[in-house]
Structure formats: structure tokens, C-alpha cells
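Model the placement of chain B on the given structure of chain A, informed by the hints.
Protein sequences, first through last, are from chains A and B. Sequential numbering of the first sequence, starting at 1305, is according to the numbering used here. Sequential numbering of the second sequence, starting at 14, is according to the numbering used here.
Derived by calculation from the structure, the hints in this document are not laboratory data. Watch out, some of these pointers could steer you wrong.
Derived pair list, reagent style BS3-like, types lysine-lysine, alpha-carbon separation capped at 30 angstroms [claimed, not checked]:
#	chain 1	residue 1	chain 2	residue 2
1	A	K1412	A	K1565
2	B	K35	A	K1565
3	A	K1565	B	K31
4	A	K1412	A	K1509
5	A	K1565	B	K40
6	B	K35	B	K256
7	B	K35	A	K1307
Partial list, derived from the structure: chain B residues whose beta carbon lies under 7 angstroms from chain A [to be verified]:
#	residue
8	A137
9	I206
10	T209
11	Y214
12	I218
13	A302
14	V321
15	L325
16	V334
17	L338
18	L345
19	V349
From the derived model, a few chain A residues whose C-beta atoms are all more than 10 angstroms from chain B [unchecked claim]:
#	residue
20	M1305
21	M1348
22	D1404
23	E1427
24	E1527
25	S1613
26	I1625
27	A1632
For clarity, every value in this text was computed on a predicted model and none was experimentally measured. Quick reminder that beta carbons are idealized off the backbone N, C-alpha and C, glycines included.
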Amino acid sequence: MTKYFLRRFLLLIPTFFGATLLVFVILQLAPGGPIEQAIMRMKMASMNQGEVGGGGGNGLAGQSAIPRAALEQMKKFYGFDKPIPVRYLIWLGLWPRDVDNHVVELGKPLRLPVGEVEFEGEEIRLWRWVRAVEVDGEALLQESEESGAGFYVDDSIPILPRAASVGSWRPLEGWSLIRDWRDEWPEDEEKPPAERVRKVEFAKKQMSGILTGDLGVSYVYSEPVWDVIRPRFKISLFFGCIGFVLAYLVCIPLGIFKALKHGTPFDFVTSAIVFIGYSIPGWALGAILLVLFGGGSFWDVFPLGGFRSDNWEMLTTWGKILDQAHHAVLPLIAWTIQGFAVLTVLMKNSLLENLSADYVRTAFAKGLTERRVIWVHVFRNSLIPICVGIGGLIGVFLAGSYLIEKTFNIDGFGMLGFQSALNRDYPIVMGTLVIGVFLRLFGNIISDIALAIVDPRIRFK
Amino acid sequence: MTRKIEKKAPGSQSILAKRFRKFRSIKRGYISFIVLVMAYGASFFLPLLVSNRALVVRHEGKTYFPAFHGFYSASEFGAEGTSSEPNYRELREQFKEEGAGNWVMMPLYHYDPLEDVTVAGNKAFEAPSWKHWLGTDDRGRDLFARMAYGFNVSLSFALLLTFINYLVGGSVGAVMGYFGGRFDLYVQRLIEIWGTMPFLYVVIIISSIITPNFLLLVFILNLFGWIGMTYYMRAEFYREKAKDYVAAAITMGVSTPKIIFKHILPNALTPIIAFFPFNMVGGISSLVALDFLGFGLPPPTPSWGQMVSVGLMNLEKWWLVTVPLAALFITLLLIVFIGEAIREAFDPKVFSRLR
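Here chain A stands alone, though its shape is the one from the complex:
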């Protein structure tokens, strides 16, 4: 048993890498990526300023209008300056990422922060000079031996001397040269070689990626991906959890009663409801509810959408709860209806099947009461197929929710993924993908575990 689950967890690894690699490559190869979008924005901006005339219509003309240096800069910013396999490894955190890039002219010193000291409760930043020099045709990075504050604080803290008076230079550790532009600094392309500024670019190398828990920084929000996802994740979780509990609270008793009253008018009427529930997608029901109760044409009972009112923060605790509930009723109905039909029918059929089993005959034959047979013997056994669905529902928390979120204009996890795919905000796309993949794969395993717990006969090998 333990071996089985261990193997399941190990099999997660290739699936995870395979899935992320596949999506990553497709995203990177897809036209209309962030760089093209940025170019479009720049083109639009310059067109608005009237600098580019009517001629800037097609993509090629626009591209040539953007200086190569800016394009290089942009590629570097989005990480598109490296081959795709390297980009993937960087994203994973298995290849050093360039952080803190600097472009420096040969021989010209640059001041870089090296640390902080505390002085009377304040942080004083310490600096050190860094320069690039050419030795035997090779560009080398050097730093000054001395370091110090940028201004006078106290006699105990040295002041960084001026660059010209630095006594000795030593090789710079921890940083590395990433581009040698001594001869081909793109901005100077047109100038004769003698006039060109000779520059090099260097950066700190750092291993940080998905495996170190770093999802990257969103292009659009300019915030760490996790900070963007977290608040929206909470919203989706709110609906997911309540909808999940609600569905089980309604479906299990309903399924049981339908099974016990199989063939009666009650069964027939509820079957009709189940069919209706199955035939209408959750978001579509949500749209109809909005028309009915959203105040457009009929009754003005519920708000038109959103997660909370704009003034939620100012409400009293009771007011907050009421407001939240008021906003949540319609989306929750839409949410619950999605799994409602399947779950109810599953419960009913499972109970019916068990009722006709031999052990039930035995139980009746030995004179047990009907109540005892149903609730103690049959009920527990018929929960087995229901448990299988538990893990799958974890994925449902997130998947398929964007339609409901869009209908009700809720800024949740699904909406975020959808919007970031539209905006080509790849770090967020990959972030939501990773979370989604993990939840789904874990969900499958949780299903198996739940199954093994409720049904001791099941032995995984």
C-alpha cells in the first residue's frame, strides 16, 4: 500500500515536468508574446504622438522603428534573450538567473551597494566601487578593497573614497560578465569604431525558480506572481469550499431519499430537477439568475456581481457577513448546480445497487430493522463511489470556474488565468498552471487514499 502511494508520488514528477515543459515551449513559441505586445504598445504610443505617420501600419515597419538596443533590453527583461531550454531551466530554478544587471563603460567605476550597518536605529547602506577593465583583450570585473557609506555618519563608519583615489582593486566575486559589448554596443552601430563607447554588461547569478518556490514576477502587475495569485486564490477557495460542502449536503440526502423512494412521485419530480440541473451549465444558470434577480428586468434582490461591495472595509462585522452572503448567493447556486446532478444520481444508484446485494438479504433475514440495515449496513457501503469524487473536486475548485467568475464579474483565480492568457502575462500563466496541475494530480491521489480508507477491501498494488 505504502509502496503504491510512493510510486504514485514518484510518477507525479515526470508528469509535472512534462506538462510544464510542454506549456512553456508552446507559450514561448506562440506569436503575439509579451515583446510583440510591448512593441505594439510603443507603436501605438508613438502613433498617438504623431511621430510615426500613417506608414507604421504593419508589424515590420513598427519593429524597425524601435531601436535595436531597446529591443535587446526588452528581450532581456522578458528573458527572451536565451534559448528556450535555458529559459525553462531558469524558470525551474536549475539554471542561474541574471539579477541586478548593470551596463558599464570600460574603465568607468560604478558604485554598488554591498551591505548595511545599523547606526542609531537607522540602516546605513555601504557601498563599494566596481569597474570593468581590459586586460590582455579580456574584460575583467574588479571591485575596490575599500567600502564605506556614501556620506559622513560617524567616525566608526568609513566613507567610501572617491573612485579616483581607490588604492587597490581586486577581482569581483559573485558577479559575472554576461555580455561583452566592447565592440558592438547596439546604440553605436552607426558610429565609426573609434567613437564607439566600449561597454560590458554584468549581473549577479542566482538560482531561483519554481523549485526554490519562486514563481517569478508578473509582467503586468510587476509584483511577485504568488502575491498576485494569493488574494484571488482565496476568493476561488471561498466559493469552492462552500459550494463543495453545499453540494454534498444537498446531494447525499437527496440521493438517499430518491433511492429509498425509488419509483414514487417524489423520485419522479426530483429526477426532473436532476435532469434540469444536468442540462444547464452552471454559468448559464447564473446568467438566468442574474436576469431574474439582478434587478435588470424583474426583481432587484441580489447585486449584479462582484465578490463584495466596494465599501466592504467600512462595514461592521455583521454588515460584512451580510454583504458577503448577499453577493455570494447567486454564484454559489451556479457553482453547486455543476456537480449536483452527477452526485445525486451517483448516490442514488450506489444505494440502490447495495440494497439489492446479498448481504442486505442476510441482514433482513436475521431480523434486523429496516432502519438499521439501511443506515448501518447499506449507507456506509454506498458512500464508496462518492469518496472517489472527493479528490477530483479539488481540481473543480479551480477549473471551470472562470465562466462563473466571468458571468458574475468576480475577480477570482479562474479570471486571473484567463486575463493573464489574454495579456500574455506568462509568469502568471505558468504560475496558475503549476498550481492547477498540482491540485489535480494531488486530487487523484487523495481520491485513492479516501477510497482505501472507506473500503478496506481495496488494496492498491
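Here is chain B on its own, set in the frame of chain A:
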């Protein structure tokens, strides 16, 4: 083959014929089936039923059939100085007033799904009335016409989608189940990886490169939709392969493709038939959802999802949301009834009750 079986006595019917008889005896499903097939069949004649092109025009002793012929210039019917298509609704009124023996025979419903406010007399956001049975949308297009044409589009889409999904998924599942072992394990992993692809992103990315048309959209949905059937066919083939008749066929030296297609496949068709209606439901829902999000069929194709998205932007016009969703609901309900009946016919669980 089936004809031969029907002649036999009921006791020796093939299992498929038995199941079909059982299906026919389930009234709700069978009636739904007939209604849906008839509605779908009729929807192919929509240009003759719901259109702004006249069926027959009688003008100056000559007879025209615009619905079949297509474009006629208005000048053919006496209008001067214009070469555009005549507005047959107005033409009919005009001929009536003139009383010169000219007449126009219109289809049952006089509006086309694509004609918008640019056609004289059309107004945006008209409430349902005798003129526009179900009102008009934000561009003055008639909702009834759009709904009717959307029915054909949705159903054709789902049929094609499900068929291809089953063809691909069924074949892959069959091969997995038949050969099993390492091959099965690797393909399972590949399917797992493929299945985690966020399908919506792929649709967004593809539709940013090219505007998807009907067939391309089917193809995109096929890319991910075939996976579901592999599980059932794989299980089905696993079970069938262990049976004696397959062993017998192998010992007799029957070729592998022949065993798969001629011997096992007919016995493994149950999931395909039983799940078909439910996958149709899924296909229609996903087309409507994609159109709703704006990544479906290119405008101005009449589609239910596009109608809903217009409706949600204009909530006070209740008919805009209600009409397409009611159409969606009724269609799906019919299909679910059919599916339920088929399932019952194929899986006749008779529960003995002990009370």
C-alpha cells in the same frame, strides 16, 4: 445484417437489436430522439423556412426563386437605379399595393440571422412581438432567426466533435488495452501530461494567430477531447482480451488488426454508444462557453454563446439572455433524455427490492 436479424424470432435477436427495442420502449427517450432528429433535419432547410429571401417572386409574368437562385438585383423587380438585393418584405407589400398580379412568397419567418440595423426597418433591442417573435439584439438582428440557425451550428459542431473524439480516443484506448504492458504505461503518462494542458490558453493563443473557423475549432477541441474515451475503451479492451474467443482467434492465427476490429471492437462498443449523448452535451456546452468568452466561431456566425454575452452586457433586456439559454437548455435536456434512455437500454439494472 440488421435486416436479417429483424426477421428472426424475438428470442434469437442480437443483443444490439434487443437493446434498440428496449430503447424504443422508453418513451421519454425515444420521443426526445425523434423530436431532436426531426428538428436537426429540419434545420438544414432553414434557408427555406427562416430567411429574408423570398421563396418565389412572380413579376411581370416571370417567376423567380431567390431562395434557390441566390442574389437577384432589385432592378429585376422594377426598382430603378439600384443594383443591390431587394428587400423582399417591402417588395411584397409594394406588390400587394400595386395589385398588378405580381406577388412574393416569403418563407415562414421573414428575417435572416445576419441582417442588422443597416437593413431598413430593423431596430436594435426590440422586445419580442409579432414582428420579431423573440426580439432583436444590440445590432438589430432577429433573435429567433439567430437562435434557429444557432441550433444547427451547435448540433453539427457537437456531432462532428464527438465523432472525431471517439475515433481518435477509441483507437488509442483500444490499442492501449490490447497491447497493455509497458506501452500502455507510457501512453498513459503521455495522456496524463497532455491532459494537464490548459486548453483555454491554447484556444486563446491559436485564435490570436488565426481566426478560428468551424473546422479549426472542432480540431482544437479534438486536441483535448479525445482523452476521455481512451479510458473506457482501454478498460473495455482489457476485459475483452482476456476472454476465450480472443485466445481462440489468436491460436487460429488471425491477424492482430482483424482481432481488434472484427472480433473485439463489436463487443466493446457499449461505452461509445452509451456515452455519445453525454459527450454531445459536453460538446455543445463547450462551444457555447467558448462563444460566450469570445473565442468561438467568428462573428457574425449565429451562435448561442455570443447571444448570451450580448445579453449579459444588457441585462435589462431580459430576452437577450433568456432566448439562447432556453434553446440551449431544451436541446441539452432532449439529449440527456436520449442518453438516459440509451444508458438504461444498455445497462438494464433491475434492482430487486426486499420490501
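For each hint, the structure was consulted:
Distance restraint check for K1412 of chain A and K1565 of chain A: the Cα-Cα separation of roughly 88 angstroms exceeds the 30 angstroms cut-off, and the hinted pair is therefore not satisfied. Note on K35 of chain B and K1565 of chain A: the hinted pairing holds, with a Cα-Cα distance of about 24 angstroms set against a maximum of 30 angstroms. Proposed proximity of K1565 of chain A and K31 of chain B is supported: the alpha carbons are some 29 angstroms apart, at most 30 angstroms. Restraint check: the Cα-Cα separation between K1412 of chain A and K1509 of chain A comes to about 22 angstroms, which is no more than 30 angstroms; the hinted pair holds.
A hinted pair counts as satisfied when its Cα atoms are at most 30 angstroms apart, and K1565 of chain A with K40 of chain B qualifies at roughly 22 angstroms. A distance of roughly 27 angstroms separates the Cα atoms of K35 of chain B and K256 of chain B; the hinted pair therefore holds under the 30 angstroms criterion. As the CA atoms of K35 of chain B and K1307 of chain A are separated by approximately 47 angstroms, the hinted pair breaks the 30 angstroms bound. Hint status for A137 of chain B relative to chain A: violated, with the closest Cβ pair at about 17 angstroms, above 7 angstroms.
For I206 of chain B, the interface hint holds, since its Cβ comes within 7 angstroms of a Cβ in chain A; the closest pair sits about 4 angstroms apart. Annotation: T209 of chain B was flagged as interfacial toward chain A, and the flag holds, the nearest CB pair being 4 angstroms apart, inside 7 angstroms. Annotation: Y214 of chain B was flagged as interfacial toward chain A, and the flag holds, the nearest CB pair being 5 angstroms apart, inside 7 angstroms. Against a cut-off of 7 angstroms between C-beta atoms, the interface hint on I218 of chain B holds, since the closest Cβ of chain A lies about 5 angstroms away.
With a least beta-carbon distance of about 6 angstroms to chain A, the hint placing A302 of chain B at the interface is held under the 7 angstroms criterion. Contact between V321 of chain B and chain A, as hinted, is supported at the beta carbon level, the nearest pair being about 6 angstroms apart and thus within 7 angstroms. Among the interface hints, the one on L325 of chain B holds; its C-beta lies about 6 angstroms from the nearest C-beta in chain A, closer than the 7 angstroms criterion. The closest approach between the C-beta of V334 of chain B and any C-beta of chain A is roughly 5 angstroms, which is under the 7 angstroms cut-off, so the hint is satisfied.
Annotation: interface hint on L338 of chain B holds; nearest CB of chain A at approximately 5 angstroms, less than 7 angstroms. Evaluation of the L345 of chain B hint against chain A yields a held restraint, the C-beta minimum of about 4 angstroms falling below 7 angstroms. A distance limit of 7 angstroms between C-beta atoms decides the matter here; for V349 of chain B the minimum to chain A is near 5 angstroms, and the interface restraint holds. Against the 10 angstroms criterion, M1305 of chain A stays outside the reach of chain B, whose nearest CB is about 20 angstroms from its own CB.
Once the 10 angstroms rule is applied to beta carbons, M1348 of chain A is consistent with being away from chain B; the minimum gap is 17 angstroms. At roughly 31 angstroms from the closest C-beta of chain B, the C-beta of D1404 of chain A stays outside 10 angstroms, upholding its exclusion from the interface. Against chain B, the non-interface label of E1427 of chain A holds: every CB pair exceeds 10 angstroms, the least being about 43 angstroms. Even its closest Cβ contact with chain B, about 21 angstroms, leaves E1527 of chain A beyond 10 angstroms, as expected for a residue assigned away from the interface.
The Cβ of S1613 of chain A lies farther than 10 angstroms from every Cβ of chain B, with a closest approach of about 18 angstroms, so its non-interface assignment holds. With a cut of 10 angstroms on Cβ distances, I1625 of chain A stays outside the contact zone with chain B, its closest approach being about 27 angstroms. No beta-carbon of chain B comes within 10 angstroms of the beta-carbon of A1632 of chain A; the shortest separation is about 19 angstroms.
Consistency note: the structure conflicts with the earlier hints numbered 1, 7, 8.
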